[in-house]
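S.K.: Using the sequences and the hints given, assemble the complete structure.
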Amino acid sequence: DGGITQSPKYLFRKEGQNVTLSCEQNLNHDAMYWYRQDPGQGLRLIYYSQIVNDFQKGDIAEGYSVSREKKESFPLTVTSAQKNPTAFYLCASSMEAGALHFGNGTRLTVT
Amino acid sequence: AQSVTQLDSQVPVFEEAPVELRCNYSSSVSVYLFWYVQYPNQGLQLLLKYLSGSTLVKGINGFEAEFNKSQTSFHLRKPSVHISDTAEYFCAVRRGQSTSYGKLTFGQGTILTVHP
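Taken in sequence, the protein lines are chains A and B. Mapping of the first sequence onto this note's numbering: position 87 corresponds to residue 87, and the numbering continues sequentially without gaps. Mapping of the second sequence onto this note's numbering: position 27 corresponds to residue 27, and the numbering continues sequentially without gaps.
Simulated from the structure, these hints should not be mistaken for lab results. Some hints here could point you the wrong way.
[Claimed, not checked] Derived contacts from chain B toward chain A, CB cut-off under 7 Å, selection only:
no.	residue
1	Phe34
2	Gln42
3	Gly43
4	Leu44
5	Leu46
6	Lys49
7	Leu104
8	Phe106
9	Gly107
10	Gln108
Only a predicted model underlies this, so the values are computations on that prediction, with no experimental measurement involved. Positions of the beta carbon are idealized from the N, C-alpha and C atoms, including for glycine.
M.R.: Here's what the structure looks like:
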């Protein structure tokens, strides 16, 4: 079955360390997205990519970086510059004009 | 830019009762509208979407929503809820251009709790 795979499901890191969250899709979707979810704040867009080797900043891109070297993959790096990195991170993909399909998320805890 | 307001942060309801989750949006251009459901520690699942055409949209699990352009609303309804409907529900909006991917803007979510 096609879908989006995010790994790992839970991730723990020490403050000051960079960490990379994986997102892979086999839906053949062109566009991919990263959202951050915090309790009571809904989902906020971090970065999105409409095509390989191109991506745009979302509303809260500071302290994050992405790459899109392959259509199927859109990894997110949470850098040490991100002041409050502990959150639930959701990856999604879509076809043109379509709804977003989401992965099951990665819960990142930084202490 | 688009914005979304979900008017209730929590909605408690008894099993088999009807429910309405309210969503209002703000946009100066035409929009596409979506409702998603999220169960604990999982991703979001699409319930239904409005792109064009009939303003009454039917989705999965017996949910439906009505697009009201004059009131800029897209309220979600279900005539009889089940315990399994307990979850968080998100309304989302994006620019209504069929040739553009566009990004979704989400509301802050409504937690629906169904009591036996």
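S.K.: Compare the structure with each hint and give your call.
M.R.: Results for each hint:
no.	hint	result
1	Phe34	6 Å, holds
2	Gln42	5 Å, holds
3	Gly43	4 Å, holds
4	Leu44	4 Å, holds
5	Leu46	5 Å, holds
6	Lys49	5 Å, holds
7	Leu104	6 Å, holds
8	Phe106	4 Å, holds
9	Gly107	6 Å, holds
10	Gln108	4 Å, holds
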